[in-house]
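Can you join these two chains into the complex? Each is in its own frame, and there are hints to help.
Residue numbers (the numbering used here), protein chains in the order written: chain L, 1 to 464; chain Y, 465 to 661.
These are computed hints drawn from the structure, not numbers from a lab.
Glycine included, C-beta positions come from ideal geometry on N, C-alpha and C.
There is no bait here: all hints are sound.
Stretch-level coverage of chain L by chain Y, calculated; a stretch enters the list once three of its residues show a Cβ under 8 Å from a Cβ in chain Y:
(1) 24-33
(2) 55-64
(3) 68-81
(4) 113-127
(5) 169-182
(6) 227-239
Not everything, but these chain Y residues come out facing chain L in the computed CB check (under 8 Å):
(7) Pro-472
(8) His-496
(9) Trp-507
(10) Ser-510
(11) Met-514
(12) Pro-551
(13) Arg-557
Capping the alpha-carbon separation at 27 Å, the derived lysine-lysine pairs in DSS-like fashion look like this:
(14) Lys-201(L) with Lys-522(Y)
(15) Lys-224(L) with Lys-520(Y)
(16) Lys-627(Y) with Lys-129(L)
(17) Lys-84(L) with Lys-129(L)
(18) Lys-84(L) with Lys-94(L)
(19) Lys-614(Y) with Lys-224(L)
(20) Lys-129(L) with Lys-94(L)
Single-letter residue listing:
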Amino acid sequence: MNDAVAVRPVARPRATSWLARCERFWFKPTGPGNLGFARLVFFALMFWFHRGFDYTIWGTLPPSFQNAHIQLFDLLGIGMPTVKGVAIVQTVFKASLLLACVGLFTRLSCVAALVSGVYVLGIPNTFGKTGHGDGILILAMLVLAGSRCGDAWSIDAVRRSWRRGPAFAPPAHSGEYTWPVRCLWLLSALVFFAAGYAKLKSTGFIGWAWSDNMANTLLQHKYKSNPPTDWGVWIAQHPLLCRLLAAGTIVVEVAFPLALFSRWARRTLVPGMFLAQLGIGLTMGVWFTQFMFIYLFWVPFDAIGRFLLRLLGPQFQRRAVFFDGGCGFCRKTVSVLWHLDVLRRCDLFDVVNEWPMIASRYAQLDRAAALEDMHVILDNGRVFTGFDAYRQLAWALPATWLLLPILYLPPVRWVGWRVYRYVASHRHDAGCDVPAAQGERSSARLPAQAAVASREEPTDAISW
Amino acid sequence: MDLAATAPAIQPMKRWRAWLVFALVALLVVGHGIDIAGQREHWPFSHYPMYARAEKKKRQELLSLFGTMRAPGYRAMVRLTDPNFVPPLNEGRLRVILMAAYRRGTTEQNIADARRVMADYMRMYESRRVAGLHNGPRMTEIHLYRLTWKLRPDGSHGSAPWKRESLLTVKWDDVERRRPTTAPVELPVQPPDDESP
Numbered sequence: 001m002n003d004a005v006a007v008r009p010v011a012r013p014r015a016t017s018w019l020a021r022c023e024r025f026w027f028k029p030t031g032p033g034n035l036g037f038a039r040l041v042f043f044a045l046m047f048w049f050h051r052g053f054d055y056t057i058w059g060t061l062p063p064s065f066q067n068a069h070i071q072l073f074d075l076l077g078i079g080m081p082t083v084k085g086v087a088i089v090q091t092v093f094k095a096s097l098l099l100a101c102v103g104l105f106t107r108l109s110c111v112a113a114l115v116s117g118v119y120v121l122g123i124p125n126t127f128g129k130t131g132h133g134d135g136i137l138i139l140a141m142l143v144l145a146g147s148r149c150g151d152a153w154s155i156d157a158v159r160r161s162w163r164r165g166p167a168f169a170p171p172a173h174s175g176e177y178t179w180p181v182r183c184l185w186l187l188s189a190l191v192f193f194a195a196g197y198a199k200l201k202s203t204g205f206i207g208w209a210w211s212d213n214m215a216n217t218l219l220q221h222k223y224k225s226n227p228p229t230d231w232g233v234w235i236a237q238h239p240l241l242c243r244l245l246a247a248g249t250i251v252v253e254v255a256f257p258l259a260l261f262s263r264w265a266r267r268t269l270v271p272g273m274f275l276a277q278l279g280i281g282l283t284m285g286v287w288f289t290q291f292m293f294i295y296l297f298w299v300p301f302d303a304i305g306r307f308l309l310r311l312l313g314p315q316f317q318r319r320a321v322f323f324d325g326g327c328g329f330c331r332k333t334v335s336v337l338w339h340l341d342v343l344r345r346c347d348l349f350d351v352v353n354e355w356p357m358i359a360s361r362y363a364q365l366d367r368a369a370a371l372e373d374m375h376v377i378l379d380n381g382r383v384f385t386g387f388d389a390y391r392q393l394a395w396a397l398p399a400t401w402l403l404l405p406i407l408y409l410p411p412v413r414w415v416g417w418r419v420y421r422y423v424a425s426h427r428h429d430a431g432c433d434v435p436a437a438q439g440e441r442s443s444a445r446l447p448a449q450a451a452v453a454s455r456e457e458p459t460d461a462i463s464w
Numbered sequence: 465m466d467l468a469a470t471a472p473a474i475q476p477m478k479r480w481r482a483w484l485v486f487a488l489v490a491l492l493v494v495g496h497g498i499d500i501a502g503q504r505e506h507w508p509f510s511h512y513p514m515y516a517r518a519e520k521k522k523r524q525e526l527l528s529l530f531g532t533m534r535a536p537g538y539r540a541m542v543r544l545t546d547p548n549f550v551p552p553l554n555e556g557r558l559r560v561i562l563m564a565a566y567r568r569g570t571t572e573q574n575i576a577d578a579r580r581v582m583a584d585y586m587r588m589y590e591s592r593r594v595a596g597l598h599n600g601p602r603m604t605e606i607h608l609y610r611l612t613w614k615l616r617p618d619g620s621h622g623s624a625p626w627k628r629e630s631l632l633t634v635k636w637d638d639v640e641r642r643r644p645t646t647a648p649v650e651l652p653v654q655p656p657d658d659e660s661p
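For reference, chain Y alone in the conformation it holds in the complex (with noise of 0.2 Å):
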């Protein structure tokens, strides 16, 4: 059988699949368009601001979350960046949270829903350490700041930033006087079980 002889045949496109196309076509043009147009965003359409506008600044401004950490015989301030404290919170997505949350901080609307995030922030991390899930230490409080870096040319002092504002605090006892903001999440909620100094 000589199958290389064989020239495929022409298999024409109906009428109503081609309409079909382009249908489709004019949903991911128009779609598109709509966004580009008024730079606005309608998920899954984009009108993909990546890096859209200009860094003029000589700085890097970063808001960040901080925990006052305590055990017996150990206080500190620790910057909260593990994502196995809350996942899948990584320090990116807390960041994003955290920054549509607060925005510029200008209204007490602003205030109040990073209050709110912070506070379940908290209660999670605490009630997943109780249960054992991570191996934080025990948050008495936690701290929203507004970090600042200088940028120097080489990069260099990446760990230490040159400026840090703090923005809010929200204390466990605040956390737990409150009725809770949120659903009740799978894990028992329990108040610190370790005393310390």
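Bound conformation, chain L alone (with noise of 0.2 Å):
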């Protein structure tokens, strides 16, 4: 009796367990990778969706047409829009999707874009009526304008990369990359919860879901929202079918803030509301095209990543890496191909401070050689210098791989090899040496670095 009252773990109180769940499910340490991957998807769709709307047009509307009141614009005193008011803050909220989606200026461009957004977005529906669809877009914007999702995937990480060096490490996980997707998730199930409790409070379960509200509502749709299928009219026709699907909307809407806190519920009551949706598009013609954006943040990126990894990884060669560890600017243009490397197909060698273990591993390779120019070894054996070893690379970098047919054209490589030899032999008067303060590796460059011959462009017999 004892003894079990000895082994039985001790009992945390009550509140430091909720607290500890609290902190846990708002800032668990996580990589930057999810989070910076769904900032650029979700600004690329708002991009793709916005950029054929002119809303100046909504300038040139009399104001009688201007009958839905928001609150909002009369707490801040907007009130009829002008064409050049429109197109100055439209400009200013185009560019910051585009800036957001690259990731450049990233916390700039997403306050620009929730600051003109709210102006831009809220004024069409001050005209007849108020949407939803928009609303949760600025909700969704201003989430990530607090958050530092430009922490990947984004062009000022590179910048980032650049600036301190080669650090070589993975970026910290930290909580700050975990709540703005929490709060997304939250977002999500206040929107589908409210739609839930809406019908409820209205018409009641019975009401909305056994009757005939299903079955009218998709006929109706059939007369005025055109839409792509006829499965509407099908389904109206089948009244059990019609009741089922209706009792299963309020069900997964009223239910989908379980899958803030349960597996089991996020894999099926997401999906469920995304299939929902899509098939309100498809049998009633209407699209909640700016909700789908928001499900972009319950896809687990990293998962994904990390699955591709798995499978496209070792489809493609290991590179070895040789680069001048004594020279600052080839230590930055390192540190940023790590930091593209988002497959790890590069491994990347210091020629100044690893030369004994590099002349074991590659017998072929000539130091002086390797500090003149950057060096590339495939995994078969094949050696590439100076721009081909740049254009090797870029079959390892996803983030280059649009460029890959541009760098194959001829001229291209002819430009690319005079640019290449230009930097490589100037990189000395910007001042690229490492500082004394780093240690050796400076001084142990220089000497063989004056032994190096100045080297012609390579022929073609090395190159791809």
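Structure, rendered in structure tokens:
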């Protein structure tokens, strides 16, 4: 009896346990990749969706059409839009979306997209009816504007790598990359719960689900929304199916907040709601496009990335990259390369500091030559230098895949080699030597470099 | 360099950032909570009442604008659905503007608001037509109708309403006689120039 008492774990005070759970939910340390990639796709979709809309057209309408009120606009004193005003703000809005997508000045871009978006997306909602799709986007941008979503998959991150030089450590994990995703989960949960609750409050479960409501709604949209399929009419002819679909809709909507806490619920309710909204588009011709953007944040991009890494990684040969570790410019370049190497197919070797190990593994490599030009050696032993080495690296870096066809144009190679040679020969003029504080690397490099003879542009024999 | 072996560092949240996050969470929850509890709308928050009201009637009622169109040798009443007539007002957007103005048409204010919308629509239609921005014929009258369809199980007869109920009519001459209700649009407002029977 006494033994049993002795082995029982000490119960933690309930309050502490709740606090710990709360903290774990909001601030569990994760890497920046998931949030960064979701940001990239979210703003890409936002830009794609809004790129064709000319919001200035709302400024040409007479005030009598502006008969829906937005309290926020009343509070801010925003009245009838003018063509010129909307033109300026929509330019800022679209530019901000693009910058936030590529991750350039990400925090500022997100804030600018939020502020200009409130105006640009709010205006159409003052004409006739206040819609719901744009509101959710504004709130999503509010969350992203306060987050560190630009720490990965962004030009800012590459710029930081360039400035900082080769840390060569995985980015720190932090709760900063967790809470924005959780906030957007919460936003989804509030939205769908509200939709379910409105049905229950307005009509009740039986009245809404176990009646002709769904059949009537589907048929009505045949008359007014021109749906892309006749599935709605077909479903309307099957009363039991209509009722089951209606009941399922309410259940999924009201139960959606469970997806915040339960993995099982996440795997069923989120796809269920997504399919329901897709079904509404196909059967009724009403598309919840903006809502679809928020589903992005439920996608575990990091897990998908790891899966793709396992799948695609072996398809690409590993590339051993040899760089002059005593040259600041080379170190910064390699640090950017390391950042872009999301498939982890590049092994980086500092010729200055790791030569004994390099010499034992790559006997064909000449130290002086490796200090003069960047070298890349493939798994199959083929050696590439200079511009051709960079071109080889482009195969392993997804961010540069789009450039590959251009890099293989004959004039581009010719120009590329000249640019490479110019930069390589002037890199020391730009004060690229690693400062003395960083150790013996500079001094170790110099004699070897002095011995290096200038190399001519390589022949096609060693190109791809 | 064995990069894979390096474990990522953990960067703890700063306390003030955590409080800021909780403030943002509170804003989202309270903002939605107020709208959900009150079933009201404070954009960008909402209670998301999409399709919340049950459709018990086996019919579809829509407010719709029609124009009496005239051209030499041509007179017709045409349902105004083309968004090019007055962009960006497609049929759906025009309908909600009319619904917000007319509501049930029970008060003088509702009727006056709806007439103003119709007059402004006709004025913009004509000014854009005169400027060659759309190919519609000259409009001499604009009518607000309530169209009713009886829902058929197979969704047939979508184009022919069961009932057309004329609610309001505004004539071009009345529009021109009155002082404009709107700020001048950027296109020249001119009376129809082509005479027709």
